[in-house]
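**Q** Listed below are the residues making up each chain.
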Amino acid sequence: MSAQERAVLQDVHVVEIASGVAGPMAACRLGDLGATVTKVESGEGDWTRGAPPFMRDGTSAAYFALNRGKRGVRIGDDDAAGRALVRRLVERADVVVTDRNTASLAAMGLAGVDDDICAWHPELVVVQISDVGRAGPQAGKPVSEVGAQAMAGYTRYVGTLGEPSIRLGADVAGCSTAIFATQAVLAALLARRANRRGQRVDLSLLNSLLSMKTVHLAAQSDPDAYEGPRVGGAYDPPERGWKTADAPITFAFGGAVGAEGRPGWTQFVEAIGLSRLLADPRFDKTGRLTTGLGPKARELKAEYEQEFVRHSAKEIVARVREFGGFASAYLTHDDLFREPQFEALDIVRQVDDDVRALAFPVKMSATRPVIRGSAPSLGQHTREIAREIGLAE
Amino acid sequence: LRVVDVSIMAAGPWVGALLGQLGAEVIKIEPPAGDGTRWVEPLQRGMGTNYMCLNLNKKGVVLDLKSATDRQVALDLAATADVFIQNFRGGVIDRLGLGYAALCAANPRIVYCSVSGFGESGPLAKEACADFIMQAYSAFARLNGRPGDELEAFRFTGFIDLTTSVVATEGVLAALLERESTGVGQKLEVSMLQAALEMQYTRVAEMLATATAPRPLGSQSAGLMPDGAYATLDGEVFVTAHDNAQWSAFCAAIERPELAHDARFATNARRVENRAALDALVVPVIRARPMIWWMRAFERHGVPCALAQHFEALRYNAQVRDNGMVADVDTGDWGRLVVGGLPWKFAATPGAIEPSPRPGADTEAVLADLTHRQAARARSA
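Sequences listed follow chains F and W, in order.
This note's numbering numbers the first residue of the first sequence as 1 and each following residue consecutively.
This note's numbering numbers the first residue of the second sequence as 1 and each following residue consecutively.
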């Protein structure tokens, strides 16, 4: 095998003691980069095992995607052999990814593993994920995906003020924490090369969402005026784009915000049959204020829609692009998967006879992540791994 | 570690900021006309808050990449760098002579991070993109709304941009680690499209495995029950039971312990199937008491729960502060700014958050340092 074909994390052993989205997804992506991942579960196991929808064989689709490519061990309550197994696994590991707290880790026989540097394994990188942070008055408080979205103020930017809250349907707290956790492991492994020292890295769902909110935090710090499109979104009505004959679209001339404007707007409105807007004093001649996130876009939406509803989304999107603006229909997932662009990027990979999974999210010219199939059933590899590391059953 | 960042707006620049927060020296190269985010509203004392928060931990250099002299300087700087970040629209960077082939020839160790909207191949490769465009294209918006709604955009622009940045940073770190064994860098292509799908990892997985399109469910989810916002006497409480233990605890907290033994709700899958029946029992109970009551009750029973918070509450929240989840930066001329905190807290090698530079503030120093490096290299050659 040439140097190029060697996986980045080829010799890296990861022990994952985590449930849900964040920890398992991070460990899964480390596995895609070549790490050997062993998942440790106790009790009923990872709660995503019980989360619908289920695949034909009864496996949870989310559980499968989050845990493919791993081997799994289960330890019971009051299970000395199980604790010995986990301890031995961690002693041989390079990385632990966990969402367990200090007490829970100690109860598994891993006391001290989440010290700043683990005294009994100083080279170990430990990524510890909590819900709302390791310190502070609410340390240890359990909060879910939707709870983290609410605490971080995300639910204020969807739905309608005064009506029941809605969430972001994507697991943004879990997935963003998974991405940050993967970064943390890679960065800590880089740092370890210098001095052979590992360390603990803390992450939390709430912290991830607030880090990802930096644009909005900055915008609300002490603004000169509250007229920008990025502030006040919490009180705006739901945003569903511009209606067409079929799917709604969103489009912009003049960049998203702020920029000088793209010259194509006048030609676009002429081509689409809206020349009358050229003489309408409410419309600037670049489209900057009335398209995209422009401050007048919402109020003047109906003016565009009068003509848009006569055309398909596809047609209008093509027209906008033709004149240098940017646009997209609000695609469904089915639509997206049929797009030539989606095909061209090779975004999904076949991992099993009838299962596909998302490829590694970065296309790398030298590194070749491998998207592995098959997720472990609860405790599937407990014996096998016990034998491998020299522990009798 | 040294990073040269010629990207503008959001998705590219935040990659440099994150690498800076991990300890890299990051040189932001900006055109004389300025990065557009300087004028994106809102402004704080005249400077775009986006510019300030997306360019933390950088040195500011102004170069005119349209001039041959400045292009050479940029190329020389890139030759001294470990990472190069760019997000020009398709093909532009090659015309500027700063494409991967050119940089790799000058510096084979370079990790070249190229950020785009739709990727670098395919029919949309040259299309420009923006956060709200990708929310629509990637179907991210199709996951949001009340039950029965078709879609709703996240009115929190920049989220997909920043998602692209974090995915790119993951790639850069993987490539740097790879370089430790191979000795050479590589080119990374990061698209907003793939990043937006990574943020939908679980929903896309469900769709790929079951061919069932995900749909909006208000504050609830397809995978868990109960899991969402429940109205109380005076506001909403966000509560979730992930497994049977938390379900039993939930039943105890709402003083309906018999529900834990109800066959309709015996497993999470059964609870999801009987969503309406479960809510019919639970909603009136929770509505009868105030949200703080429920917070105490759920907390006492170890049930995940939370209240919604707005900016002013978050900004001074002890939990947020004690964990450094937001940070205050003193930008000098533009006043104090609240930004997102470090996403990772390294126990042994903590990062730091430094204010963004005044545009071009470090041009002279960075160019003088480049001259020194070149002289040193000439001497040793």
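Hints should not be assumed to be uniformly reliable.
Have a look at the derived ranges for each label pair, beta carbon to beta carbon [claimed, not checked]:
(1) W:Ala-288 to F:Asp-346: 49 to 55 Å
(2) F:Arg-387 to W:Ala-263: 37 to 43 Å
(3) F:Pro-340 to W:Ala-376: 48 to 54 Å
These are computed hints drawn from the structure, not numbers from a lab.
Virtual Cβ for every residue (Gly too), placed ideally from N, Cα, C.
**Q** Does each hint fit the structure? Answer for all of them.
**A** Hint by hint, here is what the structure shows:
1. W:Ala-288 to F:Asp-346: 49 to 55 Å: Given a distance of about 54 Å, which is inside 49 to 55 Å, the answer is holds.
2. F:Arg-387 to W:Ala-263: 37 to 43 Å: 41 Å, holds
3. F:Pro-340 to W:Ala-376: 48 to 54 Å: 51 Å, holds
The structure agrees with every numbered hint stated previously.
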